[in-house]
Amino acid sequence: MTIVQNTPLVGTSLERLEDERFLSGRGQYVADVRKAGMLHAAILRSSVAHGRIVRIGLDAARALPGIHAIVTAADIPQPIPRIPLRLVPLPEFAPYHQPVIASAKVRYVGEPIAVVVADSRALAEDAIDLIEIEIDNLPPIGDRDVDASGSFLFEETGTNIALRYHTASGDPDGAFATADYTRRETFQIQRHTAAPMETRGLMAQWDESGPTLKLYGAAKVPYFNRRALAAMMNLPETSLELIEVDVGGGFGVRGEFYPEDYLIPFAARLVGKPVSWIEDRREHLMATNHSRDVGATVEIACTKDGTITGLRGEVFGDMGAYIRTNGGVVPTAAGMFLQGPYRIANVDITVLALMTNKTPVGTYRGPGRFEANFFRERLLDMAAADLGIDPAEFRRINLIREDELPYSIGKRAPHLPDAVYDTGDYHAAFERCLTEIDWTGKAAVQGRLIDGRYHGVGIASFVESGGAGPKETSRFVLEKDGMVTIAVGSSMLGQGLETTFSQIASDALNIPVSAFRIDHGSTARLADGLGSYHGRSIIVGGSAVLDGAEKFRTAVIEAAANLLGRPNAELRFENGAVVSDAGASISLSQIAASRRPDDGLLSVDGIFLVNKPTYSYGTHAAYVAVDPDTGRVEVLDYVAVEDVGRAINPMIVSGQAIGALVQGLGGVFLDHLIYDEQCQLLTASFADYLMPTATDFPSLRSVALELRLSPTNPLGAKSAGEGGMVPVAAAVGNAVGAALQSCGAQPRTLPLSPSKVWSLIHEPAATAP
Amino acid sequence: MKLPDLDYIRPGTLQETIDLLVAYEGEAKLVAGGQSLMPMLAFRLLAPKILIDISRLPGLNAIDIGPDGVRLGALTTWRDIERHAALKTAHPLLAAAIAHVAHYQIRNRGTVGGSLAHSDPASEFPALVTTCDADVVVHGAGGERVVKGSEFVLGAMTTSLEPDEMITGIRFPAWPAARRWGFEEFARRRGDFAMAAAVVFYDLDAGGRAADPHIGIIGEPERAVRLAAVEDLLTGRVIDRDVIAEARAIGEQAAQTSDDIHTPAKYRKALIGTMIERALMTAAGLELRPVAA
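Protein sequence lines correspond, in order, to chains E and H. Remember, the working numbering sits 5 above the position in the first sequence when you count from 1. Remember, the working numbering sits 24 above the position in the second sequence when you count from 1.
Once the Cα atoms are required to be at most 30 Å apart in a straight line, the calculated DSSO-like pairs of lysine-lysine come out as:
hint	chain 1	residue 1	chain 2	residue 2
1	H	Lys26	E	Lys110
2	H	Lys26	E	Lys278
3	E	Lys556	E	Lys476
4	E	Lys761	H	Lys293
5	E	Lys617	E	Lys476
6	H	Lys26	H	Lys53
7	H	Lys26	E	Lys219
8	E	Lys476	E	Lys219
9	E	Lys617	E	Lys416
10	E	Lys447	E	Lys761
11	E	Lys309	E	Lys416
12	E	Lys556	E	Lys485
13	E	Lys447	E	Lys309
14	H	Lys53	H	Lys73
15	E	Lys556	E	Lys617
16	E	Lys219	E	Lys278
17	H	Lys290	E	Lys761
18	E	Lys40	H	Lys26
Some chain E residues well away from chain H (every beta-carbon gap over 12 Å; in silico):
hint	residue
19	Ile85
20	Ala109
21	Pro144
22	Thr428
23	Ala513
24	Pro719
One-sided and incomplete, this derived list gives chain H residues near chain E with beta-carbon spacing under 8 Å:
hint	residue
25	Met25
26	Leu27
27	Arg214
28	Ile285
29	Pro288
30	Thr298
If you're looking for bench data, these hints aren't it; they were derived computationally from the structure. Each residue gets a CB set at the ideal place from its N, CA and C atoms; glycine is no exception.
All chains, full assembly: derive it from the sequences and hints.
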């Protein structure tokens, strides 16, 4: 094979290698996985938000032809397994872990009560309609004042507040006591979630000779889920193989351990046949993690000249009915990122996790950050206006300067070490964004009524962490045909990792991307992997690929040294072959072919260990026009500037940013999981749960900067997938506030639906805090 | 969200269809485009015994333009209307309003007869039928009858169709070339069901005054309605900004709205006023938004 490659691929916009598969219809999703004799499952979910199960009558359903099994809590080994926490496993959360199926009580609409396995999904749904279920209703908990009614989700705890902690740095009380100016405001981000295009799904197939299980449909964190499921089923981890197929979007919600991850394998084993369960959209909206739903009361203290001297925040997260795998990440992160990229010496943060009779909450792209940035940046604009300081100037005064980095904001949660912002030029990214949006020129339109609409520009700066440790692994295998398979512990959720990992490996080994095959398909390939979340796949996973590539080069040279009879020191790896100073050469395929059968394939393991996150940062600016008669907000221009450290593939980085912006704008204007007073979910279809479509936000721009490398990893990369999301509510909220300054309207809650914006303009008394 | 078990039949003629409707005594559902029916079946909101597929019945998808007006066969799709060049002058309001119906995929399959029979209060087509005084041609066991557009829709998803009847066509009265008209709609996203809309048209008398104004709105909970108070106001008046402002205020007052999860009643009332104002501005050829000084 002739291989010549001299230009580095890292940093180039290589077309995505996976796209040909997707665009030509060869993607394979979990609903495409079909096995002989496969049955279909449907799940009876509670239609009551809070109640005691009195009776489940299965006779009529069982009598229906084509029904193979109906599983309820009575069939599950006792005690009923509960889903462990993957992140923030604080002991306070122990009473609130979710059992895989409801037994005595139901605690949210959508909680699994029974699993029906039938010849077809339609038949399974017929049987569900025949199940008689009697539930004694209990008062549902839905408000923020969770302990007011004396009704408790978990009676034994005597409270619906699962967690409360407090952290502080400096002397916040002193700062507020002596401040020239203070302002206190309450904000709320509505419950919404990712709702990826493909819903969840699983296909479980047992081989009782092991016994071994193949479970298709894993994503995000398959190794954690394998460990959890093995423990629940009392089997060694090696008996379970979790298989990742293509997925139609993850965004944090897909791939976590859900009740179905136990129930479907359990049901498949019970019936002795493969069982497929494909979540439908109605189920998805009530069963898959919800997110956001964080409020905060935030108070700022400043000097007259605009120096922020103190920040207080009480952050309350509505966790829903159980603490699922993500633990308290959402409200914890909201507390952690409340300070943002500003120099504030005196900070006081309290975080509460509240239990309610709603679908449990998990992480969704930019968890806690979307919320925290909205709270803080809205308050900054209000303070700047009160002090008569230009909002940009106010931020310039307080943004951390490069010579102050690394900057520690201290310990922001009991389970976390001090958070230390690493590298960056926050001011440079900020000024770049102002230039892009033409902040100075836009002063002429700020708050003006132009052609019947109020125009406004808003800005918001952020810093956010990514690249969680502690490790990721990779395995390089030289296949018989000379191809190199790279097995990775990262999970593919649409981020283009097949491409970017190949780019990294290609540069490290100087062979073209076509020589690699990225294998993420199965937990059988590696001993462990941490998966894809927290913007970690390039930072940690990519660094593990880099490490594996370097070790692979050494191993190949070692193998060639034996074959060529030359010392290692005389050999170089070049153009896909090992060459000696004297001119001898042996290609990868020749090395592969020369392996003795007992040796197996040449393979090496890569690993990357890291104990610090990266901190990416930037500024967004939104330019909007608000129609006062309809309340419609049009986004006329939007600029997102972020320092990603290093962009492995700028096109992919840009695509990630634009996608995140659209999702963020959905969260600002559309997405809303609405519950009534009985904690019934009112938005269980896409007719009521509104998401942005391709035509809604056409005017978005992203600018990815590579100002300062991250010191935590050899690639110098910082998280790039979530920064597009985190300050969107903040920037748009500020733009709408600026546009409506003549009416004194201040967005404090989302979504900025037309009716809410109309109300801000026309019913100021009704919308005042 | 899978359909319950049901039978399916595709009759070849109108008579066979009517015979099936009679035989199933209200337990059959007609399906043409299926754009509302199939989701309702999947949600198991409906459980008919049989679906009678009328999508291939002959002669029901014609668009006929004549001196008496426009006749749409019941199986006419939104796309058929959109792509019909002559309709743009023969009935410009119809063509303009239909552009707001849902999305491409739905417009390819959805039919006018299906929309009218379904009669979602937020749909454009029943509002057009009501506002334009169209006639609805209905076939049943007793033969053909014609229902006045204003009497066809009785309430939300309720019509005057008998169980053995089906819509075969809709006849819109002739549209004078000089007629002034406007259509304005507000929805959360392009193609969503209207939160409010206004359908307006009037002719001009020799003095340039509005004659026989028709003002229909979407936004009431049961069905699209005409606002007589606004029509009375406009009759015989020159439609200028002042009159339009008055029409907006009266329309807002006259509209009966209720809350839904996306639309508080008070906001919807105001929105209806705004839609009336904007549709009338279009009809009168006035600039909607005065340019800022």
